[in-house]
Each structure stands twice: as C-alpha cells, then as structure tokens.
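Work the whole structure out from these sequences, hints included.
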Amino acid sequence: ETGVTQTPRHLVMGMTNKKSLKCEQHLGHNAMYWYKQSAKKPLELMFVYNFKEQTENNSVPSRFSPECPNSSHLFLHLHTLQPEDSALYLCASSRGATNEKLFFGSGTQLSVL
Amino acid sequence: GENVEQHPSTLSVQEGDSAVIKCTYSDSASNYFPWYKQELGKGPQLIIDIRSNVGEKKDQRIAVTLNKTAKHFSLHITETQPEDSAVYFCAAPQMNTGFQKLVFGTGTRLLVSP
Chain A
1 ETGVTQTPRH
11 LVMGMTNKKS
21 LKCEQHLGHN
31 AMYWYKQSAK
41 KPLELMFVYN
51 FKEQTENNSV
61 PSRFSPECPN
71 SSHLFLHLHT
81 LQPEDSALYL
91 CASSRGATNE
101 KLFFGSGTQL
111 SVL
Chain B
1001 GENVEQHPST
1011 LSVQEGDSAV
1021 IKCTYSDSAS
1031 NYFPWYKQEL
1041 GKGPQLIIDI
1051 RSNVGEKKDQ
1061 RIAVTLNKTA
1071 KHFSLHITET
1081 QPEDSAVYFC
1091 AAPQMNTGFQ
1101 KLVFGTGTRL
1111 LVSP
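In order, the protein sequences belong to chains A and B.
Residue 1 is where the first sequence starts when you use our numbering, and the numbers rise one by one after that.
Residue 1001 is where the second sequence starts when you use our numbering, and the numbers rise one by one after that.
I should point out that these hints are in silico values taken from the structure, not numbers from a laboratory.
Honestly, I wouldn't trust all of these hints.
Calculated lysine-lysine pairs in the DSS-like style (CA-CA distance at most 25 angstroms, straight line) [as the list claims (entries may be wrong)]:
(1) B/Lys1037 / A/Lys36
(2) A/Lys40 / B/Lys1071
(3) A/Lys36 / B/Lys1022
(4) B/Lys1037 / A/Lys41
(5) B/Lys1068 / A/Lys101
(6) B/Lys1037 / A/Lys40
(7) A/Lys101 / B/Lys1037
Printed below as a string of structure tokens:
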C-alpha cells in the first residue's frame, strides 16, 4: 500500500470511447499530479493541482480532461483518444505544490485500439 | 528549461557488485536531486534525494553524490542484490515555476544476476 491508489490498473478502450481514471491519496497531501509514462521516454508531467486548483496544464490535448473535486481525489477523463495515447498513466501526490517528494500510485496501463 | 540526461540505459551486474548510474542536468539553479526506483507493475518510489548544499548522502547500501560545478549527480548501489533489479530514474526541478515540476531522466534498467 503506497498511500496513492489508482483504478483501474488496466484499461483498453476504442478511439470513440469515454472513460475515466481515478486516483485517491490517503496521505493528507494537498497537491496531486498526473504523469504520462511511455516506453523509452522520460516521465511527462501533464497536470498539477494544488488545494484543488489546477496550477499547471503542460500543453496537454483537450481529449484529456482532469478533475480534482478535493485534495484527496483526482480524475482523468478520456475521450476520443488516439493510439499514441497508449501509455502508463501515473498519479502522484506531495504535501504541497512546492514540496519535492512525490508519492506515486501504481498507474493505469492504458491501451487505445 | 531544465534538461536531464541519464546513463547508462541498461546495466547488468553480478550479485554483490556495485552499480553506478549517472545523470547530468543543465540548470545551475537546480537545488534538489531525487532518485526513484520503479519495480515491475508499480509506480516510481523515492529511494534517496540530495540537496545542493551537500556533496554526498548515504542510506545503507545506496548513496548519491553531487558535483555542482560539473552539474552531474550519481547513484551508487553497493553489494547489489537481486531485489535491486528495477528501473531507476533521476530527476531535477525546473526552477521558477512556483510549483513542483520535476524533469526526469529516461531511466536505467538495472539487472542484478544471482
């Protein structure tokens, strides 16, 4: 148990589907993040939320839509994805948006057909 | 912005040997350098970090060294064990963003053979 739980662990979706990824942290942190991990590429920061407010959108296409209803929960809504969006999507949290220690979940392995 | 390069991409050692992974960074203002370990099927986990006001930090079999002048830092694992097999990532912060934005290296796959 890492303190950051992601569901589902695996997801297969067609390009016309709509799905959502869920992340929950049990660490009492105030900042949450979405990262994309593709093979042979560095981890890519997608979104940052601090106290439920989005502080960073790292030029992510609009087919990815984040939602942060409170400091413990983070969602990533997916629609009309492309095959190149297939990747491991990692959620992370930290005490605050300027606190460097990140705690990652196990990720959702997404395959877009 | 910050650029982080990591070498080697793969590293194979025998159990008991030492392993060294090196990273370089570009922004001389960077002040925090973490190392993450990612095991199969799991997310990255922080294993050790160092701040720019020290040159070395140790935690049992792992250590990190920092050379600010040369802008590189290294992870050292001594007496490697099979359970050390994983992908290791270094990172450095992109400064002046007002929030946590770590720039990660591309990772090193370490394989420790019994």
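Each hint, compared with the structure:
no.: 1; hint: B/Lys1037 / A/Lys36; in the structure: holds, 16 angstroms
no.: 2; hint: A/Lys40 / B/Lys1071; in the structure: holds, 23 angstroms
no.: 3; hint: A/Lys36 / B/Lys1022; in the structure: holds, 23 angstroms
no.: 4; hint: B/Lys1037 / A/Lys41; in the structure: holds, 16 angstroms
no.: 5; hint: B/Lys1068 / A/Lys101; in the structure: holds, 21 angstroms
no.: 6; hint: B/Lys1037 / A/Lys40; in the structure: holds, 16 angstroms
no.: 7; hint: A/Lys101 / B/Lys1037; in the structure: holds, 13 angstroms
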